[in-house]
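Colleague: Start from the sequences, fold in the hints, and give me the full structure.
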Amino acid sequence: MTQPVSPPRYDSGKAPAAARPPAWRTLAARADVRTLSLLGVLAVLTVIGGVTKPDEFLDTRNLQLVLTQASVIGVVTVGMTFVITSGGIDLSVGAIVALASVWATTVATQEYGFAGILFTALAVGVGCGLVNGLLVAYGGMVPFIATLAMLASARGLALQITDGRTQIVTVDSVLGLGERDAYVLGIPPLVLVFAVVTVIGWLVLNRTTFGRRTVAVGGNAEAARLAGIDVRRQRLYLYLLSGLCCGIAAFLLIILAGSGQNTNGNLYELDAIAAAIIGGTLLSGGRGTITGSVLGVLIFTTITDIFALNNLQSDVQQIAKGAIIVAAVLVQRRTASTT
Amino acid sequence: MAPEPPLLSMTGITKAFPGVRALDGVDLDVQEGEVHCLLGQNGAGKSTLIKVLAGAHQPDTGTIHWRGGPVTLRSPMAAMRLGIATIYQELDLVEHLSVAENIHLGHEPTRAGFVVRRRTARTSTAALLRRLGHSEIEPGRLVGQLSAAQQQIVSMARALSHDVRLIVMDEPSAALDPDEVDNLFRVVTGLTAEGVAVVYISHRLDEIRRIGDRVTVLKDGRAVARGLPAKTTPTREVVTLMTGRDVEYVFPPRPAEPPTGEAALEVRGLARNGEFDPLDLVVRPGEIVGIAGLVGSGRSEILETVYGARKPDAGHVLVGGRPVRPGSVRAAVRAGIGLAPEERKAQALLMLESVTRNVSVSTLSRFARAGWIDRRAELGAARAATRELSLRPDNPAVPVRTLSGGNQQKAVLARWLLRGCRVLLLDEPTRGVDVGARAELYAVVRRLADEGLAVLLVSSEVPEVLGLADRVLVLREGHVVHEAPARELDEHRVLDLVMEGSPAS
Amino acid sequence: MRPTAPTPLTSRRGLLFGTAAVGAGAFLAGCTSNDPKDEKTAAEDRPADDKPGKHVTIGFAGPQADHGWLNAINDNAKRRARTYSDVTLEITEGSNDTAAQIGQIETLINKKVDVLVVLPADGKALTQVGLKAMRAGIPVVNLDRVFNTPQAYRCWIGGDNYGMGLNAGHYIGEKLKDTPDARVVELAGLDNLELTKQRTKGFDDALKNYPNIRKVARQAADFTVESGQAKMAQLLQAQRKFDALWNHDDDQGVGALRAVEQAGRDGFLMVGGAGALSAFQAIKRDDGVLKATVLYPPTMSASAIDLARALGQGKGVGGMAEYEIPASVTLYSAVVDKDNVDRYMPTGFR
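Protein chains in written order, with the numbering used here: chain A, 1 to 339; chain B, 1001 to 1505; chain C, 2001 to 2350.
Warning: the hint list may mix true and false statements.
Said to hold, decoys possible - Straight-line alpha carbon distances no greater than 27 Å define the calculated DSS-like cross-link-like pairs of lysine-lysine that follow:
hint: 1; chain 1: C; residue 1: Lys2215; chain 2: A; residue 2: Lys53
hint: 2; chain 1: C; residue 1: Lys2241; chain 2: A; residue 2: Lys53
hint: 3; chain 1: A; residue 1: Lys321; chain 2: C; residue 2: Lys2177
What the hints assert, rightly or not - Simulated restraints on C-beta separations:
hint: 4; chain 1: A; residue 1: Ser153; chain 2: B; residue 2: Gly1144; range: 50 to 60 Å
hint: 5; chain 1: A; residue 1: Leu185; chain 2: C; residue 2: Asn2212; range: 56 to 66 Å
hint: 6; chain 1: B; residue 1: Gly1144; chain 2: A; residue 2: Val199; range: 43 to 53 Å
As the list claims (entries may be wrong) - Just a sample of chain B residues kept apart from chain A, beta carbon distances all over 10 Å, derived:
hint: 7; residue: Gly1227
hint: 8; residue: Glu1353
hint: 9; residue: Ser1362
Derived by calculation from the structure, the hints in this document are not laboratory data.
No residue lacks a Cβ here, since even glycine has one placed at the ideal position from N, Cα and C.
Modeller: Given below as structure tokens:
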């Protein structure tokens, strides 16, 4: 498959400052076909939602709801996008979210209040990421297997900590962040965190040496090594990053659900991978797009929203979700190949 | 009586891709039992033409006649059914299957429709291999365990397992040593004697002279010459047809005085068990040292060990008199060594990325403050480096995969030029680069040396080593058998040294 | 060429990170503790028959306790057995893997326990091993998830999913019978389970008695807090106004209540299901929408121990005229609201 040859993006030196085109035009020129087709899918969904349930769908509260529900899996997907871009995979994200969320909500942790919960969630995420990274980068294990092992053991440990119980959070400063009083200019704090993670993720992937090395490792690990990049250290950092995102997501989930449970994060790995792939990140590595991944997450969340608002049952929801994944990928391939 | 119609006749074939007119009215006639050579620079349309012939591309216009009747080749299967087989440059074998399984892939002999008759498959495989004069290849072995030459034979056997009338071979000799090429030619001659026609693509004029009957030359999607006699057409004429200009003196002149400075690269007693014996070597700034040897003589292994990609069992490498930590690519790069590896696409290039990003990948931190890349500085530097090497097109934003082989190689060189390295290791620098572009690449390498770089060159093409290098080391089975200034050697002498005592001679 | 960083700096940085990592690790290790104060539960509270009799060894095999209710099942069985001086309990490591559970039960059969209590991970798949035990002369008390054939157990004891729905429906119906055009929503459990279908059917059947009530929406969560929050948030957005909500499961109810709180909604009546401690406490406080919950009592495992002991000693059930224990016991799904919550408080599971 050929990717469209984009017009020379950074034509430096030529025409400095003189006659700048309007901002929207620069934006439109920069956004590639893939992103546009995702926005198209989102637009179609919005029309469907608006026609079937005009009052409930086209409503600020619904927008807040969709974005809030997207934040937890969205943050996980940003981390996953990095890992996939580097040619790896992280199957343990859901289990890490579960472990971090229960570890951070034990009776003992809650005694330390807000800071204790936040720190524990992040530290557990990073710790699990560190183990994944060491196994993959220095232990020479295939990412699929290493993170599958992490999936199993993190879920097991989460169960051991909770004994299957639901750990209810009693720290008011944490709970408060999930309530309406905490909204900043109508934006839920969870959504703010999601937005910040997305922007940072985009900048890191597209504007830093770290991002560039990630793409290089994913595009051709041997070439990256022979170009003098420390491929193993880069891989270690990437799984650490994914673990950190899981830790952040776990904290968001604690705020959202007001509790920690070992069943949290169920099948996040599949949702995150699906969103990243639909967004245009190559499963084989070498190309990744944070914008695409976030749009992928939003498409999924919007679908769920529209179905729930129309009171369709979960069997129908699942069938439709599968069909929409296939349709989105087909549309993308078609538009990408005709340009 | 009307003359016998040609086996294959393609007329007025055109094929356009977005932005490129790959074929612009090409005609090609192939007779039964002949070796028809296809010549042309990269991008001339050879690959597209053979893909049309293989049924992998559909032509936009033009007609194909097969044994006198018009045909359409809708799919590779359709071409196969007519008796047209194609052996691509990148062999399409399944490494984890056996020879017999590969040969019968997709048309396994079966019992009751699905039970594979393994014994039948083996017997017919053995028969095919015998016909190709390679009965030593065991039908039960995994293809991944075979040498490149043997894999090529398996590919050919697979083609012959169908009732084949025409075999297309895309640069079959590229990965082969001289004696293996001899073998290949024996096989080709045997096939043509049976009436099978061969379309043979190669960059090597000497091969075409040895084996070809007629030559068609492609340039810019057109056939600029058709059916030239392969044996008698002067080289000058062929080169002129391909490049549109007269290339006689391909190699740039050497400096008048041999360089004398302190050693830029010094290798002391470097060895890897089973690959190459302890090696001592000095390259001075401004000097090009060449290593000549056969595939498997340890040439590439030496370069990769110097570069730290392989860990030596003994010895060390010094750059500018300071030892480099062995077995670490990063240490080598930091010390100022750069490598243009043998497999450009697999080992050097990020094929999905732009030229800029390919050039800057080893120098990223120079354009970054706290990890933040100044993309304007990066682009400027990449542009300067690629301009210095006259990389075409002069737009570093284009994806590197759209470049020709020669320009891809320049992108790799630009990477090290930008890095400002002191020692450049070149492994088969002109593999897959066409004749016109080679001369330019040689000039670039010489210019870099003149600017003070120490260059260590490895090539399986003896004339290249002799023409480009100042000093030559001849390598046989991991051992340096001779060292001399290049002007004191000629091709015959080197080939004698390389082959001496080896079973082939 | 760029100068390389001097090594001491690197190692000092390494030392700093190392210390921080060790400190973080130590902190985390201290944070796994989850021990709530040990309270007396229903299993110890209400002994049925104190007179010690013949000694009985009871084998108990249950699934992995990955849910509060299942955890309570294991707990109640253990505590109940402890109250009897004439009972030894052989309890297996819980497993959700059918093959593993079959192996565990076969081990118990080989050990020649007197009675088996089995809560199968999958009733159909474990029927054969139930039959095997019965043939070996070991009576089986089948707990909750029923075997394929009555031949595989001597006695079945379990909850009533249809009855849960029915009682929830009747409770809501009675509360809303004077509200014209009342609107009801349902937050169901995991939709691919038979029991969810039964609960919904019971609920719908009960509502048929009240022509003024209409069920306007139903969404299925999957028994987790996370899904409860998400689905409830959707239901609240979809239905601007409704009068009552039935939630199948108190665990997902934690999430559902969280969503209600986040949306700042009230003005409706919520009924839960199963009987979690947190639900009981909320009902007792009476400061939110949750007014009642329908039991799916985890004490059934304590009762199963009672039945197994009676089987082993050849006795009937106290308070009944029969010489033998019944072949099947279906427990009543009582509605717990503010009036009777204190009585049920000890049975609440975490």
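Colleague: Does Lys53 of chain A lie within 27 Å of Lys2215 of chain C when you go C-alpha to C-alpha?
Modeller: Within the cut-off at roughly 18 Å; holds.
Colleague: Within 50 to 60 Å or not, the Cβ separation of Ser153 of chain A and Gly1144 of chain B?
Modeller: violated (35 Å)
Colleague: For a C-alpha distance cap of 27 Å, please report whether Lys321 of chain A and Lys2177 of chain C respect it.
Modeller: Roughly 39 Å separates the two Cα atoms, so the pair is violated.
Colleague: May I ask you to check that Gly1227 of chain B keeps its beta-carbon over 10 Å from the closest beta-carbon of chain A?
Modeller: holds (34 Å)
Colleague: At the C-beta level, are Gly1144 of chain B and Val199 of chain A separated by a distance inside 43 to 53 Å?
Modeller: holds (46 Å)
Colleague: Need the status of pair Lys2241 of chain C, Lys53 of chain A: alpha-carbon distance at most 27 Å?
Modeller: With Cα atoms ~15 Å apart, Lys2241 of chain C and Lys53 of chain A stay inside 27 Å; holds.
Colleague: Since Ser1362 of chain B was said not to touch the interface, does its Cβ keep a gap of more than 10 Å from each Cβ of chain A?
Modeller: It is violated; Ser1362 of chain B is separated from chain A by about 5 Å at its closest Cβ, not greater than 10 Å.
Colleague: Quick one: work out the minimum CB distance from Glu1353 of chain B to chain A and report holds if it exceeds 10 Å, violated otherwise.
Modeller: Nearest chain A Cβ is 6 Å from Glu1353 of chain B, so the label is violated.
Colleague: Can you let me know if the beta-carbon spacing of Leu185 of chain A and Asn2212 of chain C is within 56 to 66 Å?
Modeller: violated (43 Å)
Consistency with the previously given hints fails for numbers 3, 4, 5, 8 and 9, ordered from lowest to highest.
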